[in-house]
Amino acid sequence: MARIRKSSLSERTAALKKVVWYIALYIRLSKDDGNDESLSVTNQKKILMEFLEKFFPEEYVIVDVYVDDGLTGTDYERPDFQRMIHDVEVGKVNCIVCKNLSRAFRNYSDQGYFLENFFPLHNTRFITLGDPKIDTYLNPEVVSGMEVPINGLMNDRFAYKTSSDIRRTFDTKRRNGEFIGAFAPYGYEKHPEDKNALIIDEEAAQVVRNIFQWFVYGDGSTKIIIDDDGIEHEVLVGSMSKEGISRKLNELGIPNPSLYKKLRGFKYKNPHSKKNDGLWSGSAVTRILQNKTYIGTMVQGREKVISYKVHEMIKMPEEEWYQVENTHEAIITAELFEMAQELQKRDTRTPPGKKENYLFSGFLRCADCDKAMTRRASKGLVYYNCSTYKRKSKDKCTKHTMRLDILEKAVLMAIQKQIELAHSLESIIEDINKAPVVQTKSLRLEQLLKLRMEEYEKTKELLTDLYVDWKRGEITLEQHRRMKNKFEQQEEQLEKVIEHLKDEIGTMEKGVSTDDPYFKTFLECKNIKELSQGILTDLVEVIYIHEGGEITIHFKFDDEYKRIVDFIENNKYTLSVVENEVS
1 MARIRKSSLS ERTAALKKVV WYIALYIRLS KDDGNDESLS VTNQKKILME FLEKFFPEEY
61 VIVDVYVDDG LTGTDYERPD FQRMIHDVEV GKVNCIVCKN LSRAFRNYSD QGYFLENFFP
121 LHNTRFITLG DPKIDTYLNP EVVSGMEVPI NGLMNDRFAY KTSSDIRRTF DTKRRNGEFI
181 GAFAPYGYEK HPEDKNALII DEEAAQVVRN IFQWFVYGDG STKIIIDDDG IEHEVLVGSM
241 SKEGISRKLN ELGIPNPSLY KKLRGFKYKN PHSKKNDGLW SGSAVTRILQ NKTYIGTMVQ
301 GREKVISYKV HEMIKMPEEE WYQVENTHEA IITAELFEMA QELQKRDTRT PPGKKENYLF
361 SGFLRCADCD KAMTRRASKG LVYYNCSTYK RKSKDKCTKH TMRLDILEKA VLMAIQKQIE
421 LAHSLESIIE DINKAPVVQT KSLRLEQLLK LRMEEYEKTK ELLTDLYVDW KRGEITLEQH
481 RRMKNKFEQQ EEQLEKVIEH LKDEIGTMEK GVSTDDPYFK TFLECKNIKE LSQGILTDLV
541 EVIYIHEGGE ITIHFKFDDE YKRIVDFIEN NKYTLSVVEN EVS
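Under the UniProt record's numbering, the residue at position 6 of the sequence shown is numbered 6, and the numbers go up by one with no gaps.
Please note that the accuracy of each hint is not assured.
What the hints assert, rightly or not - Think about it this way: if two alpha-carbon atoms lie no more than 20 angstroms apart in a straight line, the pair counts; the simulated SDA-like pairs of lysine to any residue are:
1) K261 / G177
2) K292 / E335
3) K520 / D431
4) K304 / G181
5) K520 / L463
6) K304 / G177
7) K92 / K133
8) K292 / K304
9) K304 / E178
10) K562 / Q418
11) K450 / K526
12) K195 / G181
13) K502 / E455
14) K133 / G181
15) K45 / R103
16) K486 / L463
17) K195 / I180
18) K248 / R287
19) K526 / K556
20) K173 / T327
Everything labelled a hint here was simulated from the structure, so no lab data went into it.
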């Protein structure tokens, strides 16, 4: 078998005179380099050019300088490295020169692939100036020696350690509520003196406020309705859909968050959209409506990279996010944010070609099968029917037909009555809280609790003494058993009395204030003449439609309402005293 003779260094050197090298200079500036001028793009380029001028006697042409600025060595998305590799594949480049191995390759396995497979396959020379010095044409054996693989492993471990250190530092900052993102969330900007703190960007913040306000309450647009007497009334249109909000923002010429950042001079890329036309979309509105940042809560860690080698982002479950409250000034109230979240949970469908949501979307249920009601229009009227009957099986449920205009009037009337009830209960609570009898009763309960606690401690002491007396022979075993049973029963009764007294005192101390959310929410809606989704979201949990036209409304604050009624019931005596004093 014939042996293949390897060419000698002198033969390869002689061959150089016949080759024209089309050179790519590859430069990478890492985020980790910081402000080190010796590692800057300009300085790296200067070093590479000096090398070619002094130590590269062969004929060459510099095809291009390929620069990846501000990217880590382990980053997949190195656009100029990818461009350089493409130029190698198409034959534009046959020689690559870079400062060292760590500037060129992401990890040990990448290094092995390019040096041992890709570059030889494409007849491409690879040169590094140091750490270690490599020239795969003049000294191809160096690739398979020990120094290059060991250096690759060291670079790999260094990348791992650096990545781990950075991740730990970032996690600490996240736990402390310090902002670590490259760009502040829309509506905020980084504090000029503290890059980890957020301050409000008023121009964008007003857009955020509008989005929440329009979604919950509408944009203030009005429409004309005609009542039963034929009289026209101008009333507010209900809450807007996400698509309606995005259309309005686009009509007003307001740039979306990505374009807004670019207009302010930031090199921002939207991770949710490769192609950014500057227009708002329903999904962009959704991201704002779901972002707790706007109520002063720092939310970070929604996504993370798989590892220091694999830079793909994966979404994290919400329980693993870093959420720290009150880290910066809120743009909207927590109450408005919660209302927006609740509206999003409901089936808020948008009428075709319109901006506002259907009024009762997400609120109506069949009273028998508990399924949603479906909407239909016929001869100028709108009806709701059980979705089970309409879409699944007429044998499983009945129609439960309800006309929209009748439903609106019934619900409006029920809400008005609830508001009247809240007003009446508020007056009663004010009378109870003014009465000196309340303070007297509280003091009496405290004194009674003290007495019962003393009795309880005395009973425990008697039980202990009883055992001692029996052991000393001062009482018989039978006497000990009989008296022990008696004291234990007494102890058990006292425990129940003490627990009851503590509950009563707790109720008295807690009491009911006219600032209770029940009063605040219902009384804010007093004098309403027209329903809106905002009002329904504030006051109503669900509306059940019965067969035959009857409706049942489950209002919010049911627990608070029951507590208020119980408090009034427990203070009937106080009320009678107040009424007698008045009379």
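Unmet hints by their number, sorted upward, for this structure:
1, 5, 7, 11 and 14
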